[in-house]
Structure formats: C-alpha cells, structure tokens
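**Q** Sequence:
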Amino acid sequence: MFWRSVVGKLWFTILLLVCFVLFILTVLLLEFFQNYHVVEAERHLLQTADRISDVVDRYEQEEDLLLSTTALVKDPASRAVIVMGEGEQLVSESDSDSLPVLDYAWFENDEDTATVLKEGADVKKVADLGNGETGVMVVGTPLNNQNGAVFVYQSLDTIEETSEQTTKIIFLGAGIAIVLTTIFAFFLSTRITAPLIKMREGALELAKGEFNTKIPIRTHDEIGELAMAFNRMGRELKFHINALNQEKEQLSGILRSMADGVITFNREGDVLISNPPAQQYLEAYEFETDAPSPNADQTSLPEPLRELFNDVITDENESMIEMTLQGRSWVIIMTPLYDKEKVRGAVAVLRDMTEERRLNKLRKDFIANVSHELRTPISMLQGYSEAIVDDIAESKEDKNELAQIIHDESLRIGRLVNELLDIARMEAGHIQLNEESVEIEPFLNKIIRKFSGIAKEKSVDLQLKVEGEFGFLNFDPDRIEQVFTNLIDNAIRHSDPGSEVQVILEKDENEWVASVKDAGYGIAEEDLPFVFERFYKADKSRKRENKNYKKGTGLGLAIAKNIVEAHDGTISVHSKLKEGTTFTFKIPFSQKEK
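Residue numbers for the sequence shown, in full-length UniProt numbering: 1 to 594.
Honestly, the hints are just simulated from the structure, not real lab data.
Incorrect hints may appear among the rest.
[Claimed, not checked] Using 20 angstroms as the maximum straight-line C-alpha spacing, the simulated SDA-like pairs for lysine to any residue come out as follows:
{"hint": "1", "residue 1": "K586", "residue 2": "K399"}
{"hint": "2", "residue 1": "K576", "residue 2": "E286"}
{"hint": "3", "residue 1": "K586", "residue 2": "E457"}
{"hint": "4", "residue 1": "K517", "residue 2": "L505"}
{"hint": "5", "residue 1": "K578", "residue 2": "L206"}
{"hint": "6", "residue 1": "K238", "residue 2": "E286"}
{"hint": "7", "residue 1": "K446", "residue 2": "D489"}
{"hint": "8", "residue 1": "K342", "residue 2": "T314"}
{"hint": "9", "residue 1": "K576", "residue 2": "M323"}
{"hint": "10", "residue 1": "K507", "residue 2": "K576"}
{"hint": "11", "residue 1": "K578", "residue 2": "G327"}
{"hint": "12", "residue 1": "K198", "residue 2": "M228"}
{"hint": "13", "residue 1": "K446", "residue 2": "W512"}
{"hint": "14", "residue 1": "K586", "residue 2": "F470"}
[Claimed, not checked] Label-pair restraints from in silico Cβ distances:
{"hint": "15", "residue 1": "V466", "residue 2": "E283", "range": "23 to 29 angstroms"}
{"hint": "16", "residue 1": "L411", "residue 2": "N445", "range": "29 to 35 angstroms"}
{"hint": "17", "residue 1": "L188", "residue 2": "V343", "range": "32 to 38 angstroms"}
{"hint": "18", "residue 1": "G468", "residue 2": "E579", "range": "23 to 29 angstroms"}
{"hint": "19", "residue 1": "L17", "residue 2": "V343", "range": "21 to 27 angstroms"}
{"hint": "20", "residue 1": "M258", "residue 2": "L411", "range": "45 to 51 angstroms"}
{"hint": "21", "residue 1": "P276", "residue 2": "N245", "range": "43 to 49 angstroms"}
{"hint": "22", "residue 1": "E526", "residue 2": "V466", "range": "31 to 37 angstroms"}
{"hint": "23", "residue 1": "L411", "residue 2": "N360", "range": "30 to 36 angstroms"}
{"hint": "24", "residue 1": "P276", "residue 2": "E526", "range": "33 to 39 angstroms"}
{"hint": "25", "residue 1": "R235", "residue 2": "E316", "range": "36 to 42 angstroms"}
Glycine included, C-beta positions come from ideal geometry on N, C-alpha and C.
Throw the hints in and build the complete structure from the sequences for me.
**A** Spelled out as structure tokens, the structure:
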C-alpha cells in the first residue's frame, strides 16, 4: 500500500532522481580525481627532477654532497637516478623498501625514457616492471650542461592510496547525501500529501452525505487554494442538494395532494414515481389479475397500459384511453417525457371518473328508485283500502286480511322513511355512538346463531373464523351488529344452496378487520362502485328466490358504510362474477386496546 500512495511515489521519485544524479557525479568525480592525482604526481616528480638537475649543475664533482642535497630535494617515498656520461649513474636513497632500483640499462632500453638520453626531451610515464612488483611512475628530464638526465620515480601505491581515500570520501558524501535526501524527500512528500489525505477523507465524507466537512487551510500555495476550492465545493454541494431535496419534497407533496393519479415510467417501462391515487389503480389491477402486490422492488408496467405506452414512445404524441377496472372508470392520459431531444420515458395521469358517473347515475336513478319504492306500497294501500270502503271484502276474515296487508305496507313505508332519515342524519354528522367494551367472540357467536336458522333453510354453511386473540374491543354494539346483520343477510341471500359463507375476524397492526365472504354469483363489475349508494340493489328485477324474505329497501349497505365511517373505519368490496363477493371493514383500535 505504501508504494501505491502519493507519499511513497513522491519519496521514491525524489530519491531515485537524487541517486541517479549522485551516481553520475560520483563516476565523474572518481574519474576526475584519479586523473588529477596522476597529473599532480607527474608534475611534482617533474619539479623534483628539475631541482635535482640544478643541483647537479652546482655539485657535479662532489658526489656525496650531490646525493645528500638530492635527498633533501625529493620526496622520501621516491627515488632519484642521475645518469651522467656513458652509463655513469648516481642513485638516491628511498624510505620505501618496496621501491626497486632501476639501472642505466633499463632507462636505455625503455623506448620512452631513452628519448631523454638521446634527444634531451622530458618524459612522463607509468611503467609496469613485469616482475610481480608494483608499477612505478617515472619522470625524466635532461641535464642542463652535459649529456645525461635525471630520472625520478615513485611507486603507484602512493597514488592508489590517495585515490582510495578520495573514493571513500566521495562515497561517504554520497551516502550522507542519500540519507539526507531520504529524510528530506519523506518530510517534503508528507508535507505535500498531508492536505491531500485530508481532502481524500473529506471527499469520502462528502460521498456519505456529510456536507459540513471542512478541510483545514494551513498554506497559501496551490494546495491551500485547492483546499479552499474543496471547501467551497462542499458548500455549493450542500446548497444544491438541499435545494434538490426541497424541490423533491415539494414535488412529492404536490403529487400526494393531487386528486388524479400520476405514474412516471422510464423508457423500459419501469414505474419510477406514483402517488396514492395511482396506487389505488395498481391495487385494483393486482386484485383483478391476481398479480403480486406492487412495491418498491416490483415496479413493472401494468399490462393495460403497455400498448398505450408503446404508442407514446414510438409516435412521441400524447395518447388517451378510457378503461374500467373493478367497476371504477379510469381516464388515462399518457405523455412522453423528454431528455433534451430524446424521449426518456412517459408520464401517465389517471383520473377516476367513477364519482362523476355515479352522480350522473344517481341523478337519473334517484327519482325512479324512490318512486318505485313508494309506489308499490301506496298503490297497495290505496287498492286494499278502496276494497274495504267499497265492501268488496264481505267477510270479517277477508277484511282482516286486507287490513293486515295495509298494515304491513304501512310498516314498510315507515321503515323506508326511517332509514332515509337515518342516512340523512348520518351524512349530516348527527349520528350518536354509544361505545362499550365488548368481548368480540361471544358478540359474533350471538350474531352467527341468529342467522344459523336462515342459513340452514337456504342450505348455506355459515362459519366464523377468528384469527388471533382479541379480548375486549370498544365500539357501539348495536350499530356494529347492524353492519354484520346487513352483510351476513346479503351474503346468505345471494349464495347458492350448498355454498359457504365465512365471517372472518383478523388483527392488523393498528386496526381490527372483519370480512364477510360468500361464494355466490357475485356483483357485476359495472355495479361495484354503486353498492354503497342508496337504493342500490344487485337484483335488478327486484325479485327473490325465497318468498319468505322481506324485500329490501336498498339502503342497508349505505347505512353500514356510514356506521363504519362513524367509527373512523373504512369499508370496501371486492367481487367477481360467478366467484363470490367479499365485504371488508376495518376499525382502528383505541388506545386501551393497543
């Protein structure tokens, strides 16, 4: 990890560069000092030879004085040879035992030194004696006034020792330079990269959504300016993210408050956004097709909208369709969404037209329903009362029978008027609830026993299923019994012999749920939106197979809906033809029940 970091890379780069420069410099210095020592040794020996030549001119007749003076002039580690005339030579002493004595024959036979004796020219050379002894450096210069020459030579060990000392000093300096460079490079790279590490940590914090992260500014160079730009970027990001969140919350609030459903799709047909009214459509589609419930992980395009979506994406034009789902009328308008000039998806607006259709239907049917419900008993009252007045019924028994019919029809009119008054009071908010703490299972068992005789007479199996432990619940027992009575009576009345009617009680998180489920012939899809309206009757002919049943007024479900809503609950219905109907109402728990 160290070599992949900026510190490691910068440190290694500086160290490699310095090492390369030191290597080149060391090679050049070694070469220079090696040549320098040789040249200096040659110059020094040549100067010594010149001095000895001068001494020879002065004391050529006195050999002892000449040798003693020569010993003083030359370096103790070197040896001087004075050649005069034909082969006569004087040799000075040397402190070095390893330095050999070169005779006249060697100087005469050597090609370079012979030029001094023959031509009188200076010579400088390095000679290899070839007998296992170390090499020597020889310098020769001719005598001033007579034939002969002065040769001064010394061992190369002295020069090599000096070169070795110089090499050690150079390598020591290079090593110290590398160590100091390492420390300096590491310190410099750490100083440079410390703010970068802080910025990386700050960037990771920004990636996590911590937009308050700030990088300390310790310098005013480019890195300090980068830290300032980073902090400014964090502030700008925080501002823009907050603005986006506000716009998102505002858009979400607008979508939630819209009465129309809104669904947006991407180009592949996946649902991106939907509001609560649109969720109602998706739930109805789920019940209709037995599809899995739509959730965050499953946002596929409903099949009824597939063809409309393909047309919008292909033609890039607004399209509209009207369809009916679970008895509710939906008008769907779909428009393409553009990303600059490219279609990136579509948005669908779903308008539930059921209420408008319901109001139109109510406006048309209300007068007919009320007229029909009142006309029959009024006609019977009028007809049978005229029969009594006109003495058509002669016997007392006939008159009593006619009077009983008139009495029953008057009671029927009274029930109709009372139920109309109850609905009017409920819709006006004047309903009075007498809530009590009721043990729910005995309460339901009592209702089931009340209908067991009717169910047995119709050959219907009436069952109660209680899922979970309930104990006592708070509600108005008379009103809730009225709801159960109406739903169970309808379920038995519209069930075929041999079928089953289930009363199911379940517990949800914050409410208790009661359902009455039958396996009868169901309710037509176009009638589902109107089942809770006044005077609604699924039996359009207004006839009953069993004549012992009293004719209903068509107000029972409307009253049940108002009672449930008075308990802050909801009631709904799902039905399919020839498969059965399920009425479900939900009432929230009170604080004591939770």
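**Q** Could you check the structure against the hints above and give me the numbers of any it violates, in ascending order?
**A** 1, 3, 5, 6, 10, 17, 19, 21, 24
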